[in-house]
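Asker: Numbering (numbering that gives the first Met the number 0), first residue to last: 0 to 327.
Derived from the structure by calculation, the hints contain no laboratory data. Just to be clear, a hint being listed does not mean it is correct.
[What the hints assert, rightly or not] Below, computed lysine to any residue pairings styled on SDA-like, alpha-carbon distance capped at 25 Å:
| # | residue 1 | residue 2 |
| --- | --- | --- |
| 1 | Lys162 | Asp173 |
| 2 | Lys74 | Pro90 |
| 3 | Lys229 | Asn244 |
| 4 | Lys162 | Ile196 |
| 5 | Lys6 | Ile75 |
| 6 | Lys6 | Ile305 |
| 7 | Lys74 | Phe7 |
| 8 | Lys162 | Ser186 |
| 9 | Lys6 | Val315 |
| 10 | Lys74 | Leu11 |
| 11 | Lys162 | Met187 |
| 12 | Lys74 | Thr89 |
| 13 | Lys74 | Thr13 |
| 14 | Lys6 | Val18 |
| 15 | Lys74 | Pro25 |
| 16 | Lys162 | Leu266 |
| 17 | Lys229 | Arg127 |
| 18 | Lys6 | Asn244 |
| 19 | Lys162 | Ala192 |
| 20 | Lys6 | Pro248 |
| 21 | Lys162 | Leu185 |
| 22 | Lys162 | Pro274 |
| 23 | Lys6 | Leu246 |
| 24 | Lys6 | Ile111 |
| 25 | Lys74 | Gln86 |
| 26 | Lys6 | Ala306 |
| 27 | Lys229 | Leu122 |
| 28 | Lys6 | Phe308 |
| 29 | Lys6 | Met313 |
| 30 | Lys6 | Gly254 |
| 31 | Lys74 | Phe22 |
| 32 | Lys74 | Ala300 |
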Amino acid sequence: MPYLLRKFGLLLFTLWVAVTLNFILPRLVPGNPIGAMMAKYQGKLDPSAVDALKIAYGLNDQSSALSQYFTYLGKIVRGDFGRSIGQFPTPVWDIVAQAAPWTIGLIGVCTIISFLLGSALGLYSAWRRGTRLADALPPLGLFLNSMPYFWVALLLLYLLAFKSSVFPLSGNLDPFLTPLSSEWWLSMLRHAALPAITIVITAAGGWLITMRNNVMGVMSEDYIAFARAKGLSERRLLNRYVLRNALLPSFTAFGMALGFVVGGSILTETVFSYPGLGLQLYNAVTTLDYPLMQAIFLFIALAVLIANFVVDAMYVILDPRVRDGKGA
0 MPYLLRKFGL
10 LLFTLWVAVT
20 LNFILPRLVP
30 GNPIGAMMAK
40 YQGKLDPSAV
50 DALKIAYGLN
60 DQSSALSQYF
70 TYLGKIVRGD
80 FGRSIGQFPT
90 PVWDIVAQAA
100 PWTIGLIGVC
110 TIISFLLGSA
120 LGLYSAWRRG
130 TRLADALPPL
140 GLFLNSMPYF
150 WVALLLLYLL
160 AFKSSVFPLS
170 GNLDPFLTPL
180 SSEWWLSMLR
190 HAALPAITIV
200 ITAAGGWLIT
210 MRNNVMGVMS
220 EDYIAFARAK
230 GLSERRLLNR
240 YVLRNALLPS
250 FTAFGMALGF
260 VVGGSILTET
270 VFSYPGLGLQ
280 LYNAVTTLDY
290 PLMQAIFLFI
300 ALAVLIANFV
310 VDAMYVILDP
320 RVRDGKGA
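Produce the entire structure from the sequences given, and follow the hints as far as they go.
Answerer: Take a look at the structure:
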C-alpha cells in the first residue's frame, strides 16, 4: 500500500506539471487563435466580431499571469476547455467526449489484443523452441514488426476496400442507422475491421519478440535450473516461475503502449478517416485549433499516467518484492 500511495502522489504531481506546461506552451507560440480564425475566414470579420472572439477566448484578459493560471486551473477542474477554432462554436469538451470512445474502443482494444496474441506466441516460441512452428515464429515476428504501418494500411485499403469492396473505405458508421441496433453494430464492426487488422498485424510481431526474449532470459536463470532439479512439473514451472517473471518487463512496455493509444492513433485514424481523437488532433494541428490541441494533449498525458499507475498496481500483484516493500 505505501508503494501505491507514493506512485499515486507522483501521478498527481506529474499531472500538475502537465497541466502547467499545457498553460504555458500556447502562450509561447507566436500568433493567437483570433489570427488563425481570421486567416480561415480570409479576414472577413468585422471589428465587433473580433472583439467578441477575444472575450470568448480570454485574449483581452489584462490580469496577471498567475491570476490567469488559477482561472485556467478552475476551468480544467470544471471540464471547460473553451470553444474550438476549427469547429467554432462547438465546445472542445463535446468534441473530445464524442471522439474519445471511438479511439479507446478501436486502438485501445486492438493494443490489448496485440499484446495478448504476441505475448502468447512469444511464450510458445521460447518454451517449445526446437519445433518447426516455434522456430518459425521469431522470423515472422521480425518481418511483421518491420513492416511500415501506413504501407500495410494502404495495401489493405486497396485490396479489401477499393478493389473488392469487402470493407468500407473510410469512416466509422453508415449513415441513417438507429443507434445500438443490430445494423449499427454490424456497420461499426465492418468499419473498424481494416484498422483493427492493420494494428494487430503490425504490433503483434513486436510483442512476440519481446516476450520470447524475456522468457529465454528467465529460463537461463539459476533458480529455474534449481526448480527443475527439485522435480517440479513443466506446467508448474511455467506458470509459477517463468511466466510471472517474464511478464514483468512486458507489462512496463504495455503500460506505455496503452498510455500512448491517443498519440499512436493519429496515423491510424488519418489513413482510415476514423473519427477519433487522433484524427481530431491532426485536424487541430492543421487548423491551428489551440484549445482543441490543449485538451487532447492533456488527455494524452492523463492516459499515460493512469496506464502507468495501473501497471504499478499489477507489479504489486506479480512481484512479491514490490508488495513487501523491497523492490519499490
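Asker: Hint by hint, note whether the structure agrees.
Answerer: Hints, verified against the model:
no.: 1; hint: Lys162 - Asp173; verdict: 19 Å, holds
no.: 2; hint: Lys74 - Pro90; verdict: 13 Å, holds
no.: 3; hint: Lys229 - Asn244; verdict: 19 Å, holds
no.: 4; hint: Lys162 - Ile196; verdict: 17 Å, holds
no.: 5; hint: Lys6 - Ile75; verdict: 23 Å, holds
no.: 6; hint: Lys6 - Ile305; verdict: 11 Å, holds
no.: 7; hint: Lys74 - Phe7; verdict: 23 Å, holds
no.: 8; hint: Lys162 - Ser186; verdict: 19 Å, holds
no.: 9; hint: Lys6 - Val315; verdict: 12 Å, holds
no.: 10; hint: Lys74 - Leu11; verdict: 18 Å, holds
no.: 11; hint: Lys162 - Met187; verdict: 21 Å, holds
no.: 12; hint: Lys74 - Thr89; verdict: 16 Å, holds
no.: 13; hint: Lys74 - Thr13; verdict: 19 Å, holds
no.: 14; hint: Lys6 - Val18; verdict: 18 Å, holds
no.: 15; hint: Lys74 - Pro25; verdict: 16 Å, holds
no.: 16; hint: Lys162 - Leu266; verdict: 22 Å, holds
no.: 17; hint: Lys229 - Arg127; verdict: 21 Å, holds
no.: 18; hint: Lys6 - Asn244; verdict: 21 Å, holds
no.: 19; hint: Lys162 - Ala192; verdict: 16 Å, holds
no.: 20; hint: Lys6 - Pro248; verdict: 18 Å, holds
no.: 21; hint: Lys162 - Leu185; verdict: 21 Å, holds
no.: 22; hint: Lys162 - Pro274; verdict: 23 Å, holds
no.: 23; hint: Lys6 - Leu246; verdict: 20 Å, holds
no.: 24; hint: Lys6 - Ile111; verdict: 23 Å, holds
no.: 25; hint: Lys74 - Gln86; verdict: 20 Å, holds
no.: 26; hint: Lys6 - Ala306; verdict: 12 Å, holds
no.: 27; hint: Lys229 - Leu122; verdict: 23 Å, holds
no.: 28; hint: Lys6 - Phe308; verdict: 7 Å, holds
no.: 29; hint: Lys6 - Met313; verdict: 12 Å, holds
no.: 30; hint: Lys6 - Gly254; verdict: 14 Å, holds
no.: 31; hint: Lys74 - Phe22; verdict: 12 Å, holds
no.: 32; hint: Lys74 - Ala300; verdict: 17 Å, holds
Checked against the numbered hints given earlier, this structure breaks none of them.
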